[in-house]
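Engineer: The lines below spell out each chain.
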Amino acid sequence: MEQKDIANIGLSEEMHIKLREMTDNGVFSEMKDGYRLAASLAMAHHLEIKSEPLINRKNMYDVGGVDENFIFRNAIRAIYPEQLGEEYKCLEKLADLGVALLFDNYDESGNLDVESILRYDA
Amino acid sequence: MKFVSIEMNNWLVFRGRQEVIFPQDEHANILLIFGENMHGKTSLLNAVRWALYGEALDRQKRIVPNQNLLNIDARSDGETLFSVNLTFTDDEQTYEILRTVEIKSDKAVTSLIFKENNRVQDGGVSQIKIDGLVPQQISQFLLFDGELLSEFEQLVADETGSQAKDIKRSIEKALGLPVLQRAAAELKDLQRSMSKNWQTQAKKNRNLEVLIRNLVRHESDLTSKNTEKTTLEDQIEAFNFRISELDDQMEKASKDLGLTERKKLLNEEYLKNKKEISEIEDKLKVHIAGLWREPLREALHPFITKIKADIAATSSERRNAELAFGQINDLEKALEISICSQCGSELGGVQHLEIKAKLDAIKSASPDSASLNNKIATLQAELSGIAIDGMQNDTSVTIRTLTATKTKLFRRNIKIEDETFEIRNDLADFDEENGRKIKNEYRVKMKEVGRLTAEILKIDAEIEQIEIEIKGIKRNPDYVSAEGEDNTKVKLDTCESLLTVFLSAVSDYRDSMRKRVGERASDTFANLTTETRFDHLDINNSYGLDLIIEGERVARSAGAEQIVALSLIEALNFHGRRKGPMLMDTPAGRLDKSHRKNVMNYLPQVVTQLAFFAHSGELTDDDLYFDRSKIGKKYKIKRLSSFHSVLESI
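Protein sequence lines correspond, in order, to chains Z and B.
Using our numbering, read the first sequence as starting at 19 and increasing by one per residue.
Using our numbering, read the second sequence as starting at 1145 and increasing by one per residue.
Every clue listed holds true.
Computed list of lysine to aspartate or glutamate pairs in EDC-like fashion (alpha-carbon distance at most 16 Å, straight line): (1) B/1429 / Z/48; (2) B/1583 / B/1395; (3) B/1552 / Z/125; (4) B/1317 / B/1655; (5) B/1146 / B/1234; (6) B/1500 / B/1480; (7) B/1427 / Z/48; (8) B/1519 / B/1454; (9) B/1429 / Z/131; (10) B/1429 / Z/39; (11) B/1273 / B/1240; (12) B/1373 / B/1611; (13) B/1552 / Z/131; (14) B/1332 / B/1637; (15) B/1737 / B/1675; (16) B/1273 / B/1260; (17) B/1407 / B/1575; (18) B/1407 / B/1563; (19) B/1635 / B/1333; (20) B/1429 / Z/42; (21) B/1552 / B/1423.
Each pair of labels, with its calculated beta carbon distance range: (22) Z/139 / B/1422: 30 to 38 Å; (23) B/1559 / Z/137: 27 to 35 Å; (24) Z/98 / B/1409: 52 to 60 Å; (25) Z/137 / B/1413: 33 to 41 Å; (26) Z/79 / B/1426: 18 to 26 Å; (27) B/1537 / Z/139: 15 to 23 Å; (28) Z/48 / B/1413: 28 to 36 Å; (29) Z/48 / B/1406: 37 to 45 Å.
The hints are simulated quantities; they were obtained by calculation from the structure and are not laboratory data.
Every residue gets a Cβ at the ideal spot worked out from N, C-alpha and C, and that includes glycine.
Bound conformation, chain Z alone (with noise of 0.2 Å):
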């Protein structure tokens, strides 16, 4: 199962433009902390993962470089045991679903309303 999942990840275009985006406006340091922000958020606010691929999917770091304790993949076969094996893909379709929450509760002036994001629904 494991040789199905991806060593590389990213995100559809829209996403990267989307991080991208956030990042120059100083959100993140580097894209690489939003992608894990927006992953984390999708999974503690539940996003449903879409089983169809990443449109203009954009890769953009191999899985250590994001997941370098494994925390990921081990948070992903914890909460979504059906993705045993497709950790990465799980994860990139999280990270994508994430960056749209983030992209919403940002404003022009480089600010994360971090408050709503952290607000979860029960």
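Position chain B relative to chain Z; hints supplied.
Structural biologist: Relative to chain Z, chain B alone:
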């Protein structure tokens, strides 16, 4: 001045009351009184003189005592009173003099009543007033004896004689010189007095020199300080003028400079905020970089909780297994040695079986301890796999705080930008450099005014001190006396200058008057003389007149002497202080008929009244030499006895 009348009572030869009325018509102003020698012509002349001055003169010009003026017949009849009442007018005023003498035991008691317009005047000033109207010194040119005229002229011709000097003095009195001479004499007295004071003062205190030197120095310092003060005040005025000019510009400049300053402060704040924002943003990036842990923890929380619960349950299960293992060991050991592990008694067969059954039951109920350990290890591995390293509980709080601060700073900077924009618009036409120049100049000028004011206060203090020093010197007794000395010197110098000028003026006046008298006498002589070659009369310092004919000084005949004298008298009468009548006793004297005629025709023209007291050798009613229409009154003195004459109007 004109005589109105004279009334005599028991006066010398005139027994009882006798009166002469003087002519008042200016065209018929001649009074003729005929009288032979010893009949009383001179007594009549003396009556006028005595009424005016209280003195009667004999032919030698000596004063006749009052006791001798009472008519001898009247005295013989026991009468003791005699009087003369003279009435005259002057400047439209009427004056009356009533002089009376009562002889008591050969002593004469005199009384004088003087009336002005019928009002009796104060007796104390009566004589003074009379002298003012008809000065005694000119009387000899009003009332004179023609027989003495030639003698008179001879006297004045001799400049060195004492009588000539007396006559000269009289002439100059008539000309008003004594007033000036008295003033000159008073000035001389004053000058002498001041000179004496000056000499006395000059000998005083030697400290004076030192005091004055110090005073001069202080006064010089005072002048210098006052000049310095004035200069400073001028400078202050100039500065204040400039300051008032700058005031108007200052208001705008100050406002603009204030805005400039505000802009600068805002800019500093803006940059500071910006820097802080940048720092916050850096911190935010750091914190946001780690923020992913919080939602991940939130997502994993139920799983972690469950794993932990599973671990706890498995651990509990393992502890139970371990307890069971101990019981198993104890039961197996008891079975092996057949002794109860609890009570120590030997086990029977039944007991043996019961224990064995219990042992089997325990063994069957007890889980496998090794599998429990494996399960726990597996759960712990799972837990470890989702353990989040570097988790900080307050990351989101910190981010919110930092974000709020950043937002606040950001909004503040927007406001700063807005305000700066407005300030920039307000300062569009502001020349900051010029504004600073104005402000600097204003500050410098104000500072300078303050400095100058302080200097003036210092100078004022110095001036006050100098004035104290000066006052001290001026209060010094030596200086006070010296100041008197100084004033005395000034007064002395002034007085001497005034005296010099005054004496010069008096001398000029005397020379001028003498020249005018000489010229008038020459004119009069020309009218009186029959000498066709007559050139002029040359007057000397004593008012003596030399007869100049065809440019040559010539010796004068007795008749010429009388004409010269008449000319002088007329000139003096003309230039004297008051024009009046002329009363001549024995006027023709030594004159020939031609000269008599000239005299009789000329003199009435130059006097207010002309009275001739003539004897038959001079004039007779039939041989008068002049125009009869000019005769206003005529009297004849009739002698009744040696001491009794009467006047009869003819």
